[in-house]
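Q: Chains as they are written, first to last, in our numbering: chain U, 136 to 458; chain R, 170 to 1005; chain S, 4 to 253.
Keep in mind that the hints were calculated from the coordinates and are not lab data.
Wrong hints could be hidden among the right ones.
As the list claims (entries may be wrong) - Result set (SDA-like, lysine to any residue): computed pairs, CA atoms no more than 20 Å apart in a straight line:
| id | chain 1 | residue 1 | chain 2 | residue 2 |
| --- | --- | --- | --- | --- |
| 1 | S | Lys192 | R | Pro263 |
| 2 | S | Lys147 | U | Arg325 |
| 3 | S | Lys192 | R | Pro487 |
| 4 | S | Lys192 | U | Arg325 |
| 5 | S | Lys199 | R | Asp470 |
| 6 | S | Lys192 | R | Arg492 |
| 7 | S | Lys147 | U | Arg233 |
| 8 | S | Lys198 | R | Arg492 |
| 9 | U | Lys188 | U | Ala220 |
| 10 | S | Lys192 | R | Ala430 |
| 11 | S | Lys198 | R | Pro463 |
| 12 | R | Lys577 | R | Asp591 |
| 13 | R | Lys577 | R | Glu900 |
| 14 | S | Lys147 | U | Glu165 |
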Amino acid sequence: MVLTVIERNGDGTPTAESAEVLAAARDLAEQLGEPVAAVAVGDAGDLPDDLAKRGVAQLHLLQHELLAEGSPSCAGEALAQLVAAQRPAAVLAPGTDRSTEAMAWAAAELGVPLATACTEIRPGEPWEVTRERSGGILLEDAALDAPIRLATLRPGAPAPSETAAAHEVTVHVVVPDLDTSVPRARLVDRQPRAAGMTLTTAPVVVAGGRGVGSAEGYAVLEELAGLVGGAVGCSRVATNNGWRPHADQVGLTGTRISPELYVACGISGATQHWVGCMNARSILAVNTDPEAPMVTRATWAVIGDVHEVLPAVITEIRRRSGR
Amino acid sequence: MSSLPDRAQVVVIGAGIVGNAVVHHLARLGWRDILLVDKGPLPDPGGSTGHASNFAFPVDHSREITLLTGDSMRQYAELGTLTTCGGIEVARTPERVQELHRRMSSARAWGIDAELISPAEVAEKVPFLDPSVVLAGFWTPSVAVVDPLRAGELMRERAVAAGALTVSAMTEVLAIETGRGRVRRVRTDRGDVDSEHVVVACGVWSPRIAALAGATIPLTPAVHQMIDVGPIEELAATGREIAFPIVRDMDPLMYERQSGADLEIGSYAHRPILCDPDDIPSLAAAALSPTQLPFTPDDFDPQMEAALELFGGILDRPDAGIRHAINGLLSLTPDGHPLLGETPEVRGLWSAAAVWIKEGPGVGRLIAEWMTDGAPEIDPAAADIARLAPHERTRAHVRARATEGFNKTYGITHPREQWSSDRGVRRSPFFPREEALGAEFFEVAGWERPQWYRSNEHLVAEHGVADRPHEWDARWWSPITNAEHLAMRRGVAMIDLSAFSQFDVRGPGALGFLQHLTVAQMDRPVGRVVYTPVLGPDGGFRSDLTVVRLGDAHFRVVTGGSDGARDLAWFTRHLPPDGSVALTDVTSAVCTLGLWGPRARDVLAAVTDDDVSDDAFPFATARWLTIGSVPVLALRLSYVGELGWELHAATESGLRLWDALAAAGEPHGLVPAGIGVYGTTARMEKGYRLMGHELDAEHGPVEAGLALPGLKAQDFVGKAAYTKAREGEPEATLCTLRLDDARDASGLPRYPQGGEPVLTPDGGRITDSRGRPSYVTSAGAAPSLGTHLLMAYLPPRHAGEGTGLLVEYLGERYPVTVARAGRTPLFDPDDTRMRG
Amino acid sequence: MDVLVCVKRVPAVGSEILLTPDATAIDTRHLGFTIGPHEECAVEEAVRIAERTGGSAGVLTVGPPEADEQLRYAMSMGADHAVRVDAPVADPDPETTAAAITAALRELSYDLVLFGEASADAGHAQVGFRVACALRRPVVGGVKGIGLDGDRVSLRCEAPDGVEVHEAPLPAVAAVLEGLNLPRYPTIKGRLRAKKATVRVIDPGLATGGLRTLRLRHRPEARAETVVLGRGAAAAPAVVDVLADLGMVR
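So that you can see chain U by itself, here it is in the shape it has in the complex (with noise of 0.2 Å):
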């Protein structure tokens, strides 16, 4: 059996993540000639249909009132209750930070290794998985030595698709018995994010650095943004000098993004903040040196000060569209 951790929608479908996990465990099943099962929390709903299409052939549905929170400690216990009964020759979830939480207290719980942000899984003797190093930048084949494998994929690994023939999907309700004297951290307030472009799902990002020079120079990319309909990002420069709240930083230790266009304004590319927006489908470097490690891995460049091209950027959009 390969195992996989189903993270649920706000409307109970699996996000996703969980959707490229999934395919990503019927192939692996498929070579190792088992069956697919998933695990997810909650009631049934739509899930079994939907899984059903996903080759899915057994739903395990974790019910605690402890797992409401989506705390990591208890999906953990519960999850590795689960996995100690069934024992999965693999169990995979996304490479989300709840999810790998959650498989690293279950891993620790079955005394395990966990090999998170995986690309691949190689059964064999031992099993092989090839994960995600330094951001990305660096790729490592690792042996995974377990009687059961826990991995966690990164986003973007296998490309998800629906099986054609529907399997039946038997579900199984299982109420994991959580230690309740075990002291855990209690959700006690969660406030939506306000409405609007996030670094994550907007579209463009317009993210400035050292080149941007002070927490002003930081208008023109507001504006550009603007126009554009994107978000504005920084470097770790930015943050570092208080130009920009952290929230706002791309890189390795602020948000990886995959934007359509990353435009990098003033940035010089160092790893730290490569990693983070290397995934975007291009780049437009603006950049005063034309040789800076951004301007030469970018799709398009502009060799200048950012305070000179943008202005006639925006100047030249709204020429063209009236405004």
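Start from chain U and add chains R and S according to the hints.
A: Here is chains R and S on its own, set in the frame of chain U:
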């Protein structure tokens, strides 16, 4: 991506401050089709120019370095890239206070405004400094911070605007092709460029680039640690990059300078951390830049303690953080001097390496002038890459001396101080005897030469020689030298001169070749010994040496050990291409013993059957003698003013020669004598000039008093300038000054060492009509005259014999008298002793 | 309140990472070492909490003696004591690391143990949760704000869909993110104090876990030649053409 031209008049590799300055000055001097390439991006390709602390203290004990720094500061200022902030070298110890006095003398000698100030005055200029740990300060108002990256950009722009320069960044040199001993083509990852001239201005990478052409640039990258601490309110409030004087805290070997809101602290105190040029990371693989290596905090901790002592008031604050810390790379050489000039191995391949930021533009001008005219305005001898002997180019030697030299960067280096590392590389065959006699060895070009012999200690009392009471005066010195001197003058001494560099010049073109390089007439009978100046194209001294005609087409050239490598390169460069002259370095094949003194003939006659009488063997001639079973080439001449000979034998027979002379000399009171006698006391009594001291490119034979009576018909290098100088009045005359009974404020007799300024009786500086200052070129005891002698060039108005002047030495001034203007010796003015 | 921060010695890399000849590790010949930005924030937070509460800020690493350099760095930022747990291998797997820290924490007592969200090099992102599990302590990851309230701690995180605040009784564990605070630079005094401080060394005698690095490689990078649209303001029309082609402006 730019593509490169197919050919260039000159390719300059390296776009740091030096490379940019070279292209600028080449363009200014009329060079065209100049190509400047760098492996890195512009304006900061990642070399040491990009992370240097960028300050310039104009005063150095070395005249050449002071001139280069002064020229560079003028250039930086002219480009608008110099900010004058002033600088203070502070002393925490009495020994350093003395060194600051010495600095003061150098400042006065070179004409740079400076003064010694009290701790309170130091604190007035730098209010956040704790004056209680300071004894004195050496204040130089013209100390400045420069912007070498911007200066480099401007210099490139000027050369480009002149239509002279193509710049190609991100261009890696892959190979330098040579043919018939000269550069022909530079191969890069962006194409190949034909060129007959290549300048390597690659800083710490220079050894790698030169090796592509088969040449050596003997430097090693080494770490210099720097940190930035801030923000500091007082500094930020100035709103300027630098508003306070730079402080060199000399005793802990470190400096502190404002850099905006931060205080930058740099150190030359930590253990020497050397790096191999091959181990410098690439631009991409380096975390900061290739020449900013990861900081090693353990090495810097003592500096932090020292910095807290001096600047505790601003550094001991919770918000003053260490914001930047690097192990920056700089270049170290075996003797601490730059590596400039055409490499001796490959014609057309020039080195412009091991240069500090404060000297960069000046070096650019020097190299460009040298490439254009064959001689730069500033004497390059001490920086000439050709000065280094073969062993001094080895990795082991470079690393040993760089290791030893690093902590001397801010150290107190005595003018006679000897190196302790990598000694004993070159030993004469006499070494075992000398060692047994307790020789104190000084080094020249790797040769171990006895400076004096402890076995002669008893002579000190016998001759009543006084010791020097002040430690600084007596350091690296012994009264034995004066005793050996007196023993020689009274009896006879033998002196190991095997460190001489000797070349054989043979072939049908030999005479013409030597005529072209020397001032004296070389077409003399076989067996004649001729002393001659060797000039540069501008008529300044390149060398002075002795030539012996051994056959119609066979000459032996004998030159000083420290000058040998440069002279060999100079001679080699001038060999005719037709192969008519064979030049052979026979230095290692020949050992030399000098035998001088009134009893020298008695000793020599006792060991040879040949006739050594004055009739049979007159002065200024050479003959082959047989001493026992050893054939010896004997040269009757003297640098010490006594009857005697230089005896040249095969190296492997050297011990035989020594033992034969020592045995025969015993009844005549023969003593071994050291170079202290040969190079200082005896030669100064005789008014003989020494290359590198009195003789340099700034002065020609006329001013040095070495003009020959006649002017030979044959053309020779420097003849036009020499002829012109002979026709006019000299602007300065080399004089010998007498220092009589100089006592300091505490009543101790004192002995200046050389380098001190010569002042008018009222303490004014003396310069000649060309602006050249008068300073002591050599200083030494004159035991037979009972005085201490100094040599100095003086302009005519001060050069009259009997004129009273002053010499400033370690903070005090001593009266001196011009004892001799010109070359006539003070001791035995008619040379009767050596001609006897 | 006593806080412990767990840090890892990692190479400070440039824009290109070189590998050792056998490709099992990063070639660190030219590199310095550091702790990751998440961990720097954790150290800063611990120092602030210790200052605020009159408690202590400890720092712990699992690694070779060379890792003392990182402990001293943290102490030069203000941490007051340091513990190094000997590791059986140079770059231990997360099971081993967690076991080492767990073993140390069975000997030492802290109210709050802070981790960085993930190490800057291996990025396993699990050690904090493993330790919390082993010690049966409450744990929250992705923390960008820490509040103290008596014997409870409140932890603010940025979840995908908004901001969450968790509350946990002490002792607790948290994995923090850069942005939690702006870490201070080490001071000269701090550095000199850190140099003299002793590092407590614990050797729990551990075996390695089941995840073993075989080799590292560079991610294949599909590098297209950059199209330079122009220089300075003159490039504006070409830029807007590109934006129009992408459908981002009309």
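Q: Can you confirm whether the C-alpha distance between S:Lys192 and R:Arg492 stays at or below 20 Å?
A: Since the Cα atoms of S:Lys192 and R:Arg492 sit roughly 14 Å apart, the hinted pair holds (cutoff 20 Å).
Q: Starting from S:Lys147, check that the Cα of U:Arg325 is at most 20 Å away, please.
A: holds, 14 Å
Q: Does the structure keep S:Lys147 and U:Glu165 at a Cα separation of 20 Å or less?
A: violated, 42 Å
Q: Compare the distance between the alpha carbons of S:Lys192 and R:Pro263 with 20 Å, and conclude whether the hinted pair is satisfied.
A: violated, 29 Å
Q: With a cut-off of 20 Å on the C-alpha distance, tell me whether U:Lys188 and U:Ala220 pass.
A: violated, 26 Å
Q: So if I understand the rule, the pair passes when the alpha-carbon distance is 20 Å or less; does S:Lys192 with R:Ala430 pass?
A: The hint holds at about 19 Å.
Q: Straight-line Cα separation of S:Lys198 and R:Pro463 no greater than 20 Å?
A: holds, 18 Å
Q: Given the proposed pairing of S:Lys198 with R:Arg492, does the C-alpha separation stay at or below 20 Å?
A: Holds, at roughly 18 Å.
Q: Is R:Lys577 within 20 Å of R:Asp591, Cα to Cα?
A: Between R:Lys577 and R:Asp591 the Cα gap is close to 17 Å, so the pair holds against 20 Å.
Q: Would the hint linking S:Lys192 and U:Arg325 be met if the CA-CA limit is 20 Å?
A: Roughly 42 Å between the alpha carbons, so the hint for S:Lys192 and U:Arg325 is violated.
Q: With the threshold set at 20 Å, check whether the alpha-carbon distance from S:Lys199 to R:Asp470 stays at or below it.
A: The hint holds at about 11 Å.
Q: Just to be careful, I want the Cα atoms of S:Lys147 and U:Arg233 compared with a cutoff of 20 Å; is the pair within it?
A: Status holds; Cα separation ~15 Å.
The structure fails to meet hints 1, 4, 9, 13, 14 from the earlier list, while all remaining hints are met.
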